[in-house]
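Participant: Please build the complex by placing chains B, C and D on the supplied structure of chain A, with the hints as guidance.
4 protein chains.
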Amino acid sequence: MKVGVLGATGYAGQELVRLLKRHEEVGDLYLASSSVAGEDYESVYPHWSGQRVGILQDENVPDLDVLFCALPHGLTAARTSAFLARNIKVIDLGADFRLNSAQVYEEWYKVKHPASELLKDAVYGLPELYREQIRGQSLIANPGCYPTATLLALVPLLRHNLLQTNYLIIDAKSGVSGAGRGGGLGTHYAEVNENFKAYGVGNHRHTPEIEQELSRAAKVPLTVNFTPHLVPMTRGMLVTIYAAVQPGIQEEDLRECWKEQYEREEFVHVLPLGAWPQTKFASGSNNAFLQLTVDQRTGNVIIVATIDNLMKGAAGQAIQNMNLAMGYPESQGISGTALWP
Amino acid sequence: MKVGVLGATGYAGQELVRLLKRHEEVGDLYLASSSVAGEDYESVYPHWSGQRVGILQDENVPDLDVLFCALPHGLTAARTSAFLARNIKVIDLGADFRLNSAQVYEEWYKVKHPASELLKDAVYGLPELYREQIRGQSLIANPGCYPTATLLALVPLLRHNLLQTNYLIIDAKSGVSGAGRGGGLGTHYAEVNENFKAYGVGNHRHTPEIEQELSRAAKVPLTVNFTPHLVPMTRGMLVTIYAAVQPGIQEEDLRECWKEQYEREEFVHVLPLGAWPQTKFASGSNNAFLQLTVDQRTGNVIIVATIDNLMKGAAGQAIQNMNLAMGYPESQGISGTALWP
Amino acid sequence: MKVGVLGATGYAGQELVRLLKRHEEVGDLYLASSSVAGEDYESVYPHWSGQRVGILQDENVPDLDVLFCALPHGLTAARTSAFLARNIKVIDLGADFRLNSAQVYEEWYKVKHPASELLKDAVYGLPELYREQIRGQSLIANPGCYPTATLLALVPLLRHNLLQTNYLIIDAKSGVSGAGRGGGLGTHYAEVNENFKAYGVGNHRHTPEIEQELSRAAKVPLTVNFTPHLVPMTRGMLVTIYAAVQPGIQEEDLRECWKEQYEREEFVHVLPLGAWPQTKFASGSNNAFLQLTVDQRTGNVIIVATIDNLMKGAAGQAIQNMNLAMGYPESQGISGTALWP
Amino acid sequence: MKVGVLGATGYAGQELVRLLKRHEEVGDLYLASSSVAGEDYESVYPHWSGQRVGILQDENVPDLDVLFCALPHGLTAARTSAFLARNIKVIDLGADFRLNSAQVYEEWYKVKHPASELLKDAVYGLPELYREQIRGQSLIANPGCYPTATLLALVPLLRHNLLQTNYLIIDAKSGVSGAGRGGGLGTHYAEVNENFKAYGVGNHRHTPEIEQELSRAAKVPLTVNFTPHLVPMTRGMLVTIYAAVQPGIQEEDLRECWKEQYEREEFVHVLPLGAWPQTKFASGSNNAFLQLTVDQRTGNVIIVATIDNLMKGAAGQAIQNMNLAMGYPESQGISGTALWP
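Residue numbers (full-length UniProt numbering), protein chains in the order written: chain A, 1 to 341; chain B, 1 to 341; chain C, 1 to 341; chain D, 1 to 341.
Isolated chain A (complex conformation) (with noise of 0.2 Å):
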């Protein structure tokens, strides 16, 4: 199998390369990055000396089986049609084929959708949720790191309406590696270090990409508060979800129903009574945790999922799609447990 990577050195790209480059079934590796294109990749990062990488390519795309486009919104999009017409399939890691509105991806976006027409052959890539619409596909938006802990932590329960949808609280938090390569006041070390912030309040992207998946579940439309924050850490992403759950409904039936939904599950774990999750339990891999309690008090359900945002959340999920898409085993290439410590 030939596979490409266009985005190849910012974070995302530099770990589907490593991803790929243990997978049995990769042959040759297109790399590509429109900033150093000519180089070699090692010398771009010197972790990989020694390990043959070869050198970044233009972004003139070859005859490829897979393509992964790690860029930002909006740069791929207008030429996925001919990707799709070479018989390429295509997993996009960028935010244009996650919204099947193209309208509320120009409120969100603020630029027009560049593609419209190929929102409806899309599929939402979250294999626990969608599993059999992605076998097979040719184009597959990649979640977002917040919407995948999110809904693999509400659309199991809301799907069975065991929660009320009018006052859902989404408090999240991730490690700086999700705001990629680029350097900047925002991601200066000066800054970061011994720093702990709310970013995008309000008004982050990643906001109608859960409301439109969580309403989709609900069979209702609803909105949600997402407030993300900035932890200083590297990797990692823990989100710590507030609901209501519906009158009569028990903790040990929302229990119940994640068990049910994961239970076969290799990357989603339910943990036992007690242990909560920690974004350390699933760095590195591509694993997710989840918890959960009812507060007698106040009748809200209390609820947190921790994930790797650059595996689950971003480049691990890509290979599992893959991986659905050509027909591999789900898993291959990236099980494992998080590196301790």
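It is worth saying that the hints were derived from the structure and are not from the lab.
Since this is a predicted model, take the numbers as computed values, not measurements.
Backbone N, C-alpha and C define an ideal beta-carbon position, used for all residues, glycine too.
This list has only true hints and no planted wrong ones.
Which residues of chain D face chain C? A few of them, derived with a C-beta cut under 8 Å, are: (1) K173; (2) A190; (3) F196; (4) V231; (5) T234; (6) D295; (7) R297; (8) P341.
Facilitator: The following block gives chains B, C and D in isolation, referenced to the frame of chain A:
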């Protein structure tokens, strides 16, 4: 003035020493430690080398004007009436005098209150909210760190009936110094670094303290969901609060309420529109920073507040209370801006 | 193949478990812990949830092909001859079999060696330097982390007599995981974070191990100054080495010597000119990275080497030794590049 | 007294502002920035909110008593004679006046010195070593951070001829704030965190400054190996120094020499036997901490010194120099102990 500290080698105790050493009204210092009495302070904390802090005493308290108790809950309450009888003002950084109700204390702390008869004499030492009650007082309950940040944000808004009281979410994040100097896996560097987690979900002991003070402000009993998290940093605390606004109330009304409350305060700062609090803004200072936005889509307000957990959340506020109790200028010894970066 | 680990819940032990679980030749795993025998591995380390690692055993070792001992020095040496008599190959990650001389061991470790008669049978397990001696061996002393990084850099240069031996400075820096999972102030997050210090100055126990192997390479007895430091990070180790070059020797001679030694090695990489090692290059991998320059003004060479202290510095190298001892491909189960970022 | 700062929004500049705002002799502050002139200081640094620091000025310097220049090398030297002609005392935190020789400056900084005629008038502003020369001076070169830590440790020992001068190794480690507020990959959180590296190996520009002052102390020209490293922390600096002691000299002689030099100093502390410096001992303070041991096996002394790179290594020492130049008590505005933890 003669001042003493019980628990002078814990993190809050050492911070008190730092502040008291530079306070112009403080003469002799009595510093006690149950675990290392007899040792030189400089051998416990070599960064004090050459500063002649002196030998740590046992807990036989001499005659003093003010005694700070920085001990775990339950350890000094039984001795407090004796201190008061000797005309020693007591500022308790522990939890023993924060709750008005001995019964609530016993529910959450699982021990009988050691001196419930004193509860009616204790004042809750949050100067920006209860300044007049604190002046000249002899028994001051220094608030918890999480309650301080939360109450500064919410009390004015609830006093003016601007928020609904039936769905209050307090998602809180703290640096590790809040856990104290005791060791164990929970504070082991390799288990905390590059990690983020929730803890005490649904049962943290600052919950009843928050509820007591919010109920008092709202003049109705209310409950909250309070979830603390551990941030991989040493100092700092940030709370993100979600609430429904009362019908007809706008974002500007909320900001106006804050400004009226705090415009003459030295330590509490409402940030300009668009600037959101970061824990580092407060680090090493007694300052608090506030910001909010009303999400038009959900009708909820999102509030962020930050303090330094060891300063405004502990030792700094304790000095502020001492100044009020003794009639000194309120900011003496605790003025100043954060250490940056 | 049946494999066991004594000390399976320490950091090196857990890393062994991670590597053994993905090693294709490893069947049954015997995992022992003296402190938490009887507990489920997943309750000690919840990131293993759902992976069925099993119950921790006591130290009654069953029949095995290979036993890894990841215990403090002195705890298994006394039992080693019994293991060997049962045809169990022993790979000791502790210090008991690293020094050839029981007398030197006793000087530095302050205890009598528990099994000095076995010292002559043990091989020093640094595969890139002693590969042929390790093949098929039954008792392998896995090198210390600091010695591994130091010896990879210096042994080839001393074997070829390129450096003077009378002034060797090894200034070493390690992440906190090297201190193990034990608690206490020395590993407390708030005392380590935003802090950097030297420790064990002039008396660290890796000194004689380094001197033994460097003397062997130089064929003269030599001493070194070895100073370890603690870096506020979890994983990683870097050594900066200073030495005077022999008269007439140029920088290029030193690089050439390294290249000859390592050009066919999978795990040891001499970086291109101008690229200097960073600990993160090795993090999570079994790789080592080297660089040097000769300062024309002083005539000294400055060498920098980095490894992951838990991989090439402990568990990864131990698996490499197992592969050599058992006749498997040397890199089986330990290939791969660092986790970045 | 009217005081100004050029470069008031860099890290050293902001630290100067913090110190000047609490200095009792300082009245009006002129704060200039070439990049953000016209902006409110509080909008650049929101932690100053409510403190009325004022609007940032352009670089048209008004009449002042003292001007601090916290600019990159080369930017203010050309204007210095004009400042001096206006009776403005100049304290330069940059490198332009630290080297006595314009030729050495040009070798290391690769530009012609902009005002070599002033070099003879500048005094090297390390008060504990050159106090009398600094008093009343008008042009003070504030030392580099690495030189400050190194010279405090070595100058007294070399002045008394206790060390050999032919093999001096200075292995230095700094927090990230030393790199300034400029962005880029080199200070990106995800590339610095959980990482440790050497940089500027063999060619760092603090080398000639160190050599100049050590040669002056030893009264012979000497060279050193100076290797800086980047520590994943924000503040702090530690140097580990290796040297051969002169024949017959004992550890106690070296300690005695330090004690004589520093026993009356407020800011330099020789730690008690067995206590080794940690960067956190100095963090946020103007203090320096020293310790040493002589390794009997190699005959070398190992010295460790620590300072806060932004305080004693930059802004704190600059204020100390201002106090000496103006005749104020030397520690005014910069007393105090580290922030701990």
